[in-house]
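Chemist: Chains A and B are the protein sequences, given in the same order.
Heads up: the first sequence begins at 9 in my numbering, then just goes up one per residue.
Heads up: the second sequence begins at 69 in my numbering, then just goes up one per residue.
Just so you know, the hints here were simulated from the structure itself, not pulled from any lab data.
From a predicted model like this one, the values you see are computed outputs, not experimental measurements.
The beta carbon of each residue, even a glycine, is placed where N, CA and C say it ideally should be.
There could be a bad hint or two in this list.
[As the list claims (entries may be wrong)] A few chain A residues that face chain B, going by a derived Cβ cut-off under 10 angstroms, partial list only:
1) S351
2) Y1048
3) A1136
4) E1169
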Amino acid sequence: MAPGRRRHERLRWSKLYTFSCLRPTVVTDDELPHPLQGPGYSRLVHCNQPGLHQKKPLNYCTNHISTTKYNIITFLPKAIFEQFRRVANVYFLLTASLSLTPVTPFSAVSMIAPLAFVVGLSMAKEAMEDWNRFVQDMKVNSRKVSVHNGEGRFGYKHWQEIRVGDVVRVEKDQFFPADLLLLSSSYEDGICYVETMNLDGETNLKVKRSLEVTLPLDGDASFRHFASTIRCEDPNPNLYTFVGNFECEKKVYALDPGQILLRDSKLRNTTYVYGVAIFTGHDSKVMQNATESPSKRSRIEKKMDNIIYVLFTFLILISLISSIGYGVLTKFGMPHWWYLQPSATSYVYDASKPVLSGFYHLLTALILYGYLIPISLYVSIEVVKVLQATFINQDIHMRDEDTGNPAQARTSNLNEELGQVDTILSDKTGTLTCNQMDFLRCSIAGVPYGVGSSEVEIAAVKQIASEVSGTIEQHSSTQDFWEDSGDGFGSPECELEVGIARMVGKPHRPTTKGFSFEDDRLIHGNWAKEPNAGTILVFLRVLALCHTAIAEPNEKTGGFTYEAESPDEAAFLVAAREFGFEFCKRTQSSVFIRERYSPSEDPVEREFKVLNILEFNSKRKRMSVILRDEAGQIILLCKGADRLSKNGRTYEIETIKHLNEYGEAGLRTLALAYRVLDESEYSAWNTEFLKAKTTIGHHREAELERVSDTIERDLILVGATAVEDKLQKGVPQCIDKLAQAGLKIWVLTGDKMETAINIGFACSLLRQGMKQICLSVDSSNILSLNKEKAAKENTLMQITDAHEMVKLEKDPNAAFALIIDGKTLTYALEDDLKNQFLSLAVNCASVICCRVSPKQKALVTRLVKEGTGKTTLAIGDGANDVGMIQEADIGVGISGVEGMQAVMASDFSISQFRFLERLLVVHGHWCYKRIAQMICYFFYKNIAFGLTIFYFEAYTGFSGQSVYDDWYMLLFNVVLTSLPVISLGVFEQDVSSEVCLQFPALYQQGPRNLFFDWYRIFGWMGNGLYSSIAIYFLSIQIFYNQAFRADGQTADMAAVGTSMFTCIVWTVNLQIVLTMSHFTWIQHLFVWGSIATWYLFLIAYGMFSPVISGNAYRILSEALGPAPIYWAATLLATLSCNSPYLVYIAFQRALNPLDHHVIQEIKHYRKDVEDQHMWKRERSKARQRTKIGFTARVDAKIRQLKRKLQKKVSEERMWASMATTNCASVEAVEECLDEEAALWLKVAAIAAILIAGAVGVAIPLVGGKGRLVRTDGGVFVCVKAFAAGVVLATGFVHMLHAAESSLTNPCLPDSPWRKFPFAGFVAMVAALGTLVVDFVGTQFYERKHQEEATGAKAAASSAAADLEEKGITAALLTPEADSAGRGKDPMHIVGIHAHAAAHRHSHSHAHGACDGPALPVRSHGHAHEEEGEGSSNARHVVVSQVLELGIVSHSVIIGLSLGVSQSPCTIRPLVAALSFHQFFEGFALGGCISQARFRSTAAAMMACFFAITTPAGIALGAGVASSYNPNSPRALVMEGMLDSMSAGILIYMALVDLIAADFLSQTMSCNVRLQVSSYLALFLGAGAMSALAIWA
Amino acid sequence: MGDSTSPSDGPAEPRRKSKKPKYSRFTQQELPACKPLLTPMIVVTTFALIGIIFIPIGLASLSASEQVVEIVYQYDVDCIPEQSQNDKVAFIQSSVTNKTCTRTLTVPRHMDGPVHIYYELDNFYQNHRRYVKSRSDKQLRSKASEKVTTNCAPEATTSDGSVIVPCGLIAWSLFNDTYSFAIDSKTIEVNKKNIAWQSDKEHKFGNDVYPKNFQMGGLIGGAKLNASIPLSEQEDLIVWMRTAALPKFRKLYGRIETDLDANEQITVTIQNNYNTYSFEGKKKLVLSTTSWIGGKNDFLGTAYLTVGSLCLFLAMAFIVLYLLKPRTLGDPSYLSWNRNPDGHY
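Assemble the whole structure, with the sequences as input and the hints as a guide.
Modeler: Right under this line is the structure:
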């Protein structure tokens, strides 16, 4: 024992520890021991008396473990059973046994040998694998441990010999051989440190402590007379609970998990412990957690079984057809076939018993058609998989340089499953991280120190660097304002880039383990020169003092090594030492540190008296020490402090900012704080604390926490630390690639939630801006009687809430992260909750489960596997991952530093997490495609071959005769077609491995199962069917009954069979050439070699004695070779069989190419080299949907930056042009920018609006033309009223408002735009202008009319009416209009207004007149009839033209504004609104036009002009979308002006020309019903159009 | 693994000899490979080429088939006297009836010699499993294996146990109609030599094997054999023993070495012995010339023409398709993430 050891062994830690060393004393009255009655609590252990456990009932299982599937006796039956679980094997067994009977069409050997070979091969493989497991078990079982032999002597024994009750002595860094009860340790107070990484993956050490009563047992000799009994629970898999009583000298002590040392955990920092075995071997908790290692089969293989079922059904079907045919023919034909001598037949051919014969024939047929189900398939697949596995093992890109461990496919039957993984469930410690903490940065007094960057940052920067060029390029093509402000755009990103690149640029020189800090301001004593030197001093002291570690002098270096509970703590101590505050000694009451203020000075050793340690636990999330310094001052130092005093918040804002930054960089952060205590305050608190400490009962812990809280208040913040939990090499990149490949990643860890979240950040599974959903139930806070139930309800509530939240999320870029802790998971995994939990989890981009037990890991895996039905992959490195590795579809073990348990249980082992990328994306992708294609092809070729046998049967009276020689059939699968298909399965590559890695999205072809879905399978089967039909009938027809040679010989069965078989060999081999896309010399050799082999075989076979070759004697050389028809038939059959497939793939490639097709083409034409931008762009596009990984993080960041930039750019523009300030603030950031979708929508919009407008305008026009709708009819009036309402509302609600908002846009300068209401003004001017145009136009038309017609006779007579009308018009308009109007010549405003006014007047006088027929009115107007007709038409012309002008200018603007929008979200509602809008406007306009009675061409032109304006506007907008900035002042002014102008025009038109004209007309005034309905229509139209304003 | 016994050993850490994978282009799956691409050019060329090759072949085969002159005469019904039409089986099985039958055939076109004479049977399952197996190649080949009659039952031995040579149902049911031809009462020589495969005569049927106990049993199937001629020279038997693939088949009977002129009247004298009436099989006499594709068979030519023109059509169709829907090869806009930006998963 090292002399230095003893020093700290004198320490009694329990005095310092507050929480974890609560030592239960003798059971008191109020705290009764667990009753331990009933089932589940029957175990009785006699300590130190293992002899008592040798016979029943106490004969518990030994410590021998076995994880093998078989033993010598069970191997044969079990393995054979396993083999015959494959349906096909059963079938082959059946046929093999039948082949021994006379019904067989083939020889028995040809049936049995292949089966024996296949089964034997598989069994040998199983045996090998099991043997490996056995060797591994043996190794564990034969580990040695020191065991009490009696008489106080200890001796080494194998683990497997340990019995329950044995007292063992375990030394430092040894594993516990069984579940032990801790009796005593090398520490006086019986505590010990345990590392449970193998069990739960947690890295910080756990403190265990013995019972007080067993403390004296601290030497070998003391066990001489030790005896006691333990009553406890039965073996169970629960790692964190234990219930038991320890009975010693008639006293009963309660035991809890704190005294139990679990098998497979490790003793740390403690020289030795004594313990007594409670659970041994398979009873131990870790073994209970292990699940039976299942035999896994890949999805494809399972599906293959289904295919075999299908084929088997088919086989039975054709066998039945065959045997029924046979029976019928035997019954009715056979008696006449004298040449068969039916009278002298055996039972197989008995014509008198056709049913029996038929039955026998069924058996024959089943064997005969067996070629449909290829036995060679299994052999070939097995061979292919072994070769594939060899390639995986041989891949040097998956070999760890440091350890030299290659990747290993431990079972080869899951290769293709690697290509279909959907979800990865990963362990954390040892898998993602290497469990090493590096002090990286700190923030002291609000000043950040440390320039080193975390791996995440480095990775992200690299990404950005490669991205930046791409993005600029990408956007400049579409949005020119990026270009305009190229400098401005580049700058923030460049800053960012330069900033981090600086960090990256510096070579990383980790000088000390655990310390990667780089900043000259702090090291070498430079900190003293910093402005906040005082704070820095406190900060460093906190680092050096606030811990529970022990310093051990290191003889070699002269320094100290620190043994700390957690690696962070060690990292702090190392950091403090590097900064010059070396922690050197700890005594019972004091901590000594050597402080060195500058490198030149000698260190000063200071002693701090430790008054209290309030150590870290997950509930408090902080730790404190209370010390008395040399000056006698009492100070409290706190790590993880979050509660600060008022005056302690000086640096709070900065520090919090830094904490966030560190968190984003994936670092673990802790805030440091201190507090100076008054002597009196401390003593008062200490009294209370001591009281709490001595409280008896379960309140004690809560009480202690409460008391601790009271002192940890009003802390003064000093700074914060950031420690990097070193990720394994390449983990972020790997996760990124996997995420791009569309894989979901779940992290299941035994670690604390905070740690897990930190790691989530570090691996980019989480990022800033991701919405975190934390599910955790604090059951202690639930004051319900039924805690379980309440907790469960709480869980359910949280899940439902979260689900709602996810559902309501609109932003397509939003990502959710689900974080759940073990306790909540227990509830979430219960049957009634698990589906909800799962559906929530699958909607989240990443899922992190913390504090989960091994069993829960397996349960979660099972839930994902069964719940989603997708392929899961579990990866882990420790014993705690074994369950999940076994449960998942694919288990991957990391063959790292920890034990081999995980590797032993796994299907694949790799030495680092990062190799997973290559394993899945390259090998998985390849293997999946290879196997899928191979199986499809296999079925194809066997159908193509097997069915020809069936067709032939129909021609042989279903007698079971095959047209082929037995040898041909045997060779078909074995020689002639096997090697090409194996080469397909082993060597096929659709794209090279580099492309696989560059386009992880290609991987999705696997999970989506593009190559082995039923369509494809049936397609291949159909192809086989077609080929069989084509080959058979072509051959039969060609070799019919005529001579097949010039010599006149006819073809016998051998000739027909051989030539048919030649066709098949050619066809299937050419087919595989069409299937393959990658030809090395091997494929060429195999394919062409197979065909050549066939001819060689024929020649060779023909040379054998005719006794062997029968009718095939010299068949090629003599009979077939010289016959041209033989070769012609081969050519014809082969090409006609393969053409349809060629047509299919040509079509597919032409119309619907798959990703790998396109990439093959790009590669083929070297476009990737020539057009690297395109290549890069596609690569980045391929991962658009990724939500996790640092690419997503970078994307999110870029999005964020873009937004900022957008703001900045517009700001700059404004400053440049108008010098306004807050333009950007109202600029809507278009959330769902998607140019492509927008473009499609625009196209759709053009179509929809065009149609709506055309229909709208056409209805009245066509109706008017066809006189279907009388333009003066009641219905028409109503509709027109409706249209008038629409126009009115458009003017007031849409246009005027739009103009207003355009012209008051903050992007416009205040002066003059906001000094004066331009919108209204312009509208008014426009209305007046319209009036003028109206007037002038009408006059013009009227003159024309008058000249043409009767002259000016009516002018005078209507002058009065004109004047009246004028007044009305003026009244309707603004007073200005009136004044303006006065200046005009009122004389010639005639027409409908005049009529209207006149009638209104007369109407008001003589309302009663209308009651009668309208005759008097008519007569009144009769005088004007002709004249009115003419002039009103002129009015109509003008009205319609002006209306068209107003509507059109407005239409262009709305079209334009739709066209320039790039966001589908805004376009979608606009399309609908505008379609309506356009329809109604069209209707109104159409009515006017039809009233105006234009010539049809003119009318059509006007209608068309209207109909196309909005679409044209959209098209124009879409065209200029990239360059058009709707917020540019020019655009705004234009838009505002046009809008307000059209508003003026529309309002005028609506009120004067439409509403006034109709509503004040004679027809209206005399028809009450029409009045009512017209008014209704008007209001409805106005209302409807106004309502549309909600969307448009 | 010596230290594994030490108690301080960690958990099983088999520092396995790291099998260091060696770099080779084969193990790294980086062998040079050609990766042919199915370009529109290749597709069109392939189909066009197939068409261009197939159509001439088809035309050649059709014309070859056209050259062949074939006379087919079905005599199974004709050669039964009127009074026996109702019970043909009895007629054929009776040993007393006169089965000679003389008919006249007209040569439609000039037939170049040699003119092959075939008999054609229909509905005769020479390919029945029971029938096909019922032979002994060993016995046929050498006298030494005379006793090997494994599959020959029920025609393996006579009732007294002596071996039948040749044994089996095939030989037993040997065809026994005979034909003789005359033009203008001048007999035409029928050459019955070399109607079997040379190899069969030389290697398959022994020249020391003589028929023995053949057709001596209770049931008499077909032709009898001259026991003094070795099997290797019994060419009718050799031809017959080549079982046909289909129930309708022709077998070579002999050849007329001279030319036959058009419109010549050939008088055929048929000895109608063979019983096809039990199973309602047809019997035909075929006289046919041959060309390079053998006898008359329009199917081959038609099939070639069909497939050839179909391929030409496909070539055309693909040209149209590629013109209508042109796709630049390697156009990235066809990648799934570009075609379906809403998510390609």
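Chemist: Against each hint, give a clear statement of whether it holds in the structure.
Modeler: Status of each hint after checking the structure:
1. Given hint, S351 of chain A at the interface with chain B, holds; its Cβ is 8 angstroms from that chain's nearest Cβ, closer than 10 angstroms.
2. With a cut of 10 angstroms, the hint placing Y1048 of chain A at the interface with chain B holds, because the nearest CB-to-CB distance is about 6 angstroms.
3. Among the interface hints, the one on A1136 of chain A holds; its C-beta lies about 6 angstroms from the nearest C-beta in chain B, closer than the 10 angstroms criterion.
4. The interface hint given for E1169 of chain A holds, since its Cβ lies 4 angstroms from the closest Cβ of chain B, which is under the 10 angstroms cut-off.
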